[in-house]
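K.L.:
Given next are the chains, with one letter for each unit.
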Amino acid sequence: MRAALTHLGAAVTAGIWRLGYGARFFAYLLVHSGTAFRRFRLTLREIYFAGVLSLIIILVSGLFVGMVLGLQGYDTLQRYGSSEALGVLVALSLVRELGPVVAGLLFASRAGSAITAEIGLMKATEQLSAMEMMAVDPIARVVAPRFWGGVLSMPLLAALFSAMGIFGGYLVGVVLIGVDEGAFWSQMQAAVDVRNDILNGVIKSVVFGVAVTLIAVFEGYDAVPTAEGVSGATTRTVVTSSLAILALDFVLTALMFTGGN
Amino acid sequence: MLHGIDLDIPRGKVVAVMGQSGCGKTTLLRIIAAALLPTRGRARVLGQVTGDLDRDALYALRRRMGMLYQFGALFTDMTVFDNVAFQMREHTNLPEDAIRDLVLLKLEAVGLRGAAPLMPAELSGGMARRVALARAIALDPELILYDEPFTGLDPIALGVIARLVRQLNDALGATAVIVTHDVAETLPLVDYVYFMADGRVVAQGTPADVRRSGVPFVEQFVSGAIDGPVPFHYPAQGYGADLGLAASA
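For the protein sequence lines, the chains are H and S, in the order given. Residue numbering for the first sequence is 356 to 616, as defined by this note's numbering. Residue numbering for the second sequence is -3 to 245, as defined by this note's numbering.
If you're looking for bench data, these hints aren't it; they were derived computationally from the structure. Each hint should be verified, as a subset may be incorrect.
As the list claims (entries may be wrong) - Between beta-carbon pairs, the in silico distance windows are:
#1 S:53 x H:558: 35 to 45 Å
#2 H:613 x S:56: 52 to 62 Å
#3 S:234 x H:379: 45 to 55 Å
Ideal placement from N, C-alpha and C gives every residue a C-beta, glycine not left out.
Please model the entire structure based on the sequences and the hints provided.
P.N.:
So this is what it looks like as structure tokens:
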């Protein structure tokens, strides 16, 4: 019993210590982010690796999610004679929830894991130590551009996911099933609010981008410099990021969409 | 880890710190590089006490140093050219034309000018070490630190690196500290040697001095004898007892 309590206490203490270390890391990263903006080509390179190279999985997933929404939505709506509202259902589902959340989960598994593995391997092969020895701060030169590259990529990817999903819903609802095209688009236009729906969706995707990329760069920088350590850090990035996205989504949804919206 | 270390490395000399794996020599190198701070005592490097330096002063000190890592530690996402140019681009305002000439000069010094466009993954171990050496001397450092520079090299690459270490040091007028356990390659090229064991300096002197020092550890180390002050067997109970012979006897 005593041993179990000791073990629990040690685990809690280690968790709090790591949380504090992560917070200090984040603060240091923000303070030393100047290089990422002064030499913006470093950040552009990371936008390419984290964002552009994630496009295929984001666009294809968005298309299929939208098509499934179209099928499922039509099946439910036509029972109540409201199949013209299909465009609203697809658009609100994507813009408010599925766009930011699913794009965030895909971003975590595609780009987040790659960022962690790259930084972790740089640490394991002493590239970060070498940089430090050359009087170049690895957090400013390596970590900050990757962080901001991820943060800037994520909202764009979520927007593309939603756009592709709406197109998928259109393909299934209008082209395949035959829902009236005018009703599909006009009801969507009337019901989707820029501030309450689109802006809140963008805010969500920015928050998810910060969370996922911060977890990815921290896990990579803090990885044990061995093959096993980097592997463990990569796994932790995907698991922690996914849980963080779902938890943050609940909190943000509770804050944004209560009160009749 | 280290106990009672009192080390003096004269300017312009090539000094080796030797000892078996785990004796503390890499820790000592990290202290000289100010990557670690001593918990007791102090390290004075290029006239500055490392423990007294803030981040900016530490980085200013490190710009006067170069370090060659055991396996090169080349930046794997950059070409050979960009690896050598890295510090020049980070720390100077030189135009790209001047950087190009300087990089080619450094690569020529290590015989790899033709490898400038290659990626690190395309290099052999010996070539990677030579590129890392060119990168370490990119800004003409006053102090060059070598962490196990000969490990894992074939005899030709090893001879090339050993010759380059001496030649570059003489050409640049720099001070060099080589941490290694390779006796045959190191003793002919250094001016002074410190031998370490269990975190202490057990012998020191010129290569000729240490060869005839009479210190049993040094003699075992230099001759490569398998048994001596450093025993072949890890401490254990009697072999007979382990095999159950003592109980049946």
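K.L.:
It remains to establish, for every hint, whether it holds in the given structure.
P.N.:
So, going through the hints one by one against the coordinates:
1. Restraint check, residue 53 (chain S) to residue 558 (chain H): a C-beta distance of roughly 42 Å satisfies the suggested window 35 to 45 Å.
2. Taking 52 to 62 Å as the suggested C-beta distance range, the pair residue 613 (chain H) and residue 56 (chain S) conforms, at roughly 55 Å.
3. Checking the proposed 45 to 55 Å range against residue 234 (chain S) and residue 379 (chain H) shows it holds: the Cβ atoms sit about 53 Å from each other.
Consistency with the previously given hints is maintained throughout, with no hint failing.
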